[in-house]
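Take the sequences, apply the hints, and build the full model.
As you go down the protein sequences, you meet chains A and B in turn.
Everything in the first sequence is counted per the working numbering, starting at 23 for the first residue and increasing by one.
Everything in the second sequence is counted per the working numbering, starting at 34 for the first residue and increasing by one.
The reader is advised that the hints may include incorrect statements.
To be verified - Taking beta-carbon pairs under 8 angstroms as the criterion, some of the chain B residues facing chain A (in silico):
id, residue
1, I154
2, Q155
3, L158
4, Q160
5, L163
Don't read these hints as lab results, they were simulated from the structure.
What you are looking at is a predicted structure, and each value in this text was computed from that prediction instead of being measured.
Ideal placement from N, C-alpha and C gives every residue a C-beta, glycine not left out.
Okay, here's what each chain looks like letter by letter:
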Amino acid sequence: MKQDFENDEWMKGVRETGFTTPAHYFDELSESINARISAEKFKAVIQNDGHTVPDNYFEKLQANILAKTIAEPVAKPKVVRLWNSSLLKYATAACFLLVTGLGLYFNQRNPVQQTASTDLATDQMLYDIDEQVIIDHISSADIIQPKSTAADTDLENYILTNYSQSELATSL
Amino acid sequence: MKQVEDSEILEKFANTKTRNEAFNLLLNKYQQKIYWHIRRMVIDHDDADDLVQDVFVKVWKNLESFRSDAQLYTWIYRIATNECITFLNKKKQRNNTSLDEVSDELSETLVASSYFNGDKIQLKLQQALLTLPEKQRLIFNMKYFDELKYEEISEITGTSVGALKASFHIAVKKIETFMLNEDITF
Numbered sequence: 023m024k025q026d027f028e029n030d031e032w033m034k035g036v037r038e039t040g041f042t043t044p045a046h047y048f049d050e051l052s053e054s055i056n057a058r059i060s061a062e063k064f065k066a067v068i069q070n071d072g073h074t075v076p077d078n079y080f081e082k083l084q085a086n087i088l089a090k091t092i093a094e095p096v097a098k099p100k101v102v103r104l105w106n107s108s109l110l111k112y113a114t115a116a117c118f119l120l121v122t123g124l125g126l127y128f129n130q131r132n133p134v135q136q137t138a139s140t141d142l143a144t145d146q147m148l149y150d151i152d153e154q155v156i157i158d159h160i161s162s163a164d165i166i167q168p169k170s171t172a173a174d175t176d177l178e179n180y181i182l183t184n185y186s187q188s189e190l191a192t193s194l
Numbered sequence: 034m035k036q037v038e039d040s041e042i043l044e045k046f047a048n049t050k051t052r053n054e055a056f057n058l059l060l061n062k063y064q065q066k067i068y069w070h071i072r073r074m075v076i077d078h079d080d081a082d083d084l085v086q087d088v089f090v091k092v093w094k095n096l097e098s099f100r101s102d103a104q105l106y107t108w109i110y111r112i113a114t115n116e117c118i119t120f121l122n123k124k125k126q127r128n129n130t131s132l133d134e135v136s137d138e139l140s141e142t143l144v145a146s147s148y149f150n151g152d153k154i155q156l157k158l159q160q161a162l163l164t165l166p167e168k169q170r171l172i173f174n175m176k177y178f179d180e181l182k183y184e185e186i187s188e189i190t191g192t193s194v195g196a197l198k199a200s201f202h203i204a205v206k207k208i209e210t211f212m213l214n215e216d217i218t219f
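This is the structure we're talking about:
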C-alpha cells in the first residue's frame with residue numbers, strides 16, 4: 023500500500039516535468055520503428071543503387087557546366103545613338119522629300135483622274151444599255167426640226183433690201 | 034579534401050572578382066550529389082546529364098538573388114527536385130501516358146541501361162521504387178540514399194516532417210511487400 027503510494031507520487035512527478043508529445047505520437051511510434059528497422063535491413067544488403075556513369079564523367083560535366091555559365095560571353099546590347107547619328111539626318115531629308123514628292127504627284131494627278139473616271143463611268147453606263155434599246159429609242163423619238171419663225175421668201179426679201187449686191191458678193 | 038563552407042562560397046560569389054572561383058567550389062561540392070539525386074529520379078544517364086546542367090545554369094543565374102535565410106544546399110536540391118518533377122510530367126504528357134506506364138518505361142530503361150551494373154537485389158529495389166508515386170520515391174531516395182534529415186527534406190519539398198515520416202514508412206512497407214512477392218527476404 024505504501025509502495026503504491028510512493029509509485030504514484032513518483033509518476034506524478036514525472037508527469038509534471040512539463041514535457042509533451044505531438045498528438046497520436048505513441049500510436050505512430052511503433053510504425054516508425056518498424057519502418058526504420060526494415061530500412062536498416064535493406065541498407066545492410068543494398069548499400070548503393072547500382073547506377074554507374076561513364077568514365078571521367080564528372081570532370082566532363084564540370085567543364086560543360088562552366089562552358090554554359092562562367093565561359094558564356096555576356097552579350098552586351100549594342101547601343102545606337104539615334105539622335106547623334108548622321109544617318110538620322112539623311113533619313114529625315116529622304117522622308118521629307120518623299121512626302122513632298124508624293125503630295126505633289128497625287129495633287130496633280132487627281133483632276134485628270136477625276137475626268138478620266140467620269141468619262142469612264144459614262145462609257146460604262148452606255149455600254150451597259152442594250153444596243154437595240156438605243157436604236158429603238160432613236161427611231162421612235164419624235165425629232166422635231168426647229169420651226170423657222172420666218173418664211174424663206176421673207177428672208178430673201180429682207181436680205182435683198184438691206185444688203186447691196188457687192189456686200190453679198192464679198193460675204194459669200 | 035576539406036569541404037568548403039556554404040557561407041564562404043556565398044561570400045566569394047558576392048564579389049565579382051572571386052565569383053568564378055566560388056562557382057567552381059560550389060560545383061566541386063554539389064555536382065555529384067545533385068547528379069545522383071536527379072539520376073535516381075529520371076533513371077536514364079543522358080536525361081540526368083541534361084537536367085543536372087540545367088540545374089547548375091539556373092543556380093549560376095539566380096545565386097546572386099539567393100536569400101541566405103535558407104540553406105544553400107537545400108535551395109539547390111529544391112531546384113533539382115523541381116526540374117525532375119517537371120521533366121517526368123512532361124514525359125507523361127508527351128507520351129500521353131499514366132504514372133504506371135511511365136514507371137514501366139523507366140523500369141525498361143533501367144534494365145536496358147549500359148550504366149546500371151547492380152545485382153539482382155539492387156535491380157529489384159529500383160523496380161520496387163518505380164512502383165511508388167513520384168513524391169514517395171523522392172522522399173525515400175532522399176532519406177535512404179542521400180541520408181538527409183527529415184527537416185532538410187521538409188525544407189526541400191515544402192512538406193511537413195510528420196507527412197514525410199508517414200510517406201517514408203508507407204514507401205518502406207510497399208518495398209517490403211514488393212520484395213516478398215519477388216521471394217526476396219532480408
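Taking the hints in turn, this is what the structure says about them:
Evaluation of the I154 (chain B) hint against chain A yields a held restraint, the C-beta minimum of about 6 angstroms falling below 8 angstroms. With a least beta-carbon distance of about 4 angstroms to chain A, the hint placing Q155 (chain B) at the interface is held under the 8 angstroms criterion. Given hint, L158 (chain B) at the interface with chain A, holds; its Cβ is 5 angstroms from that chain's nearest Cβ, closer than 8 angstroms. Hint on Q160 (chain B) is violated. Least Cβ distance to chain A is approximately 11 angstroms, over the 8 angstroms limit.
This hint is violated: L163 (chain B) has a C-beta 12 angstroms from the nearest C-beta of chain A, more than the 8 angstroms allowed.
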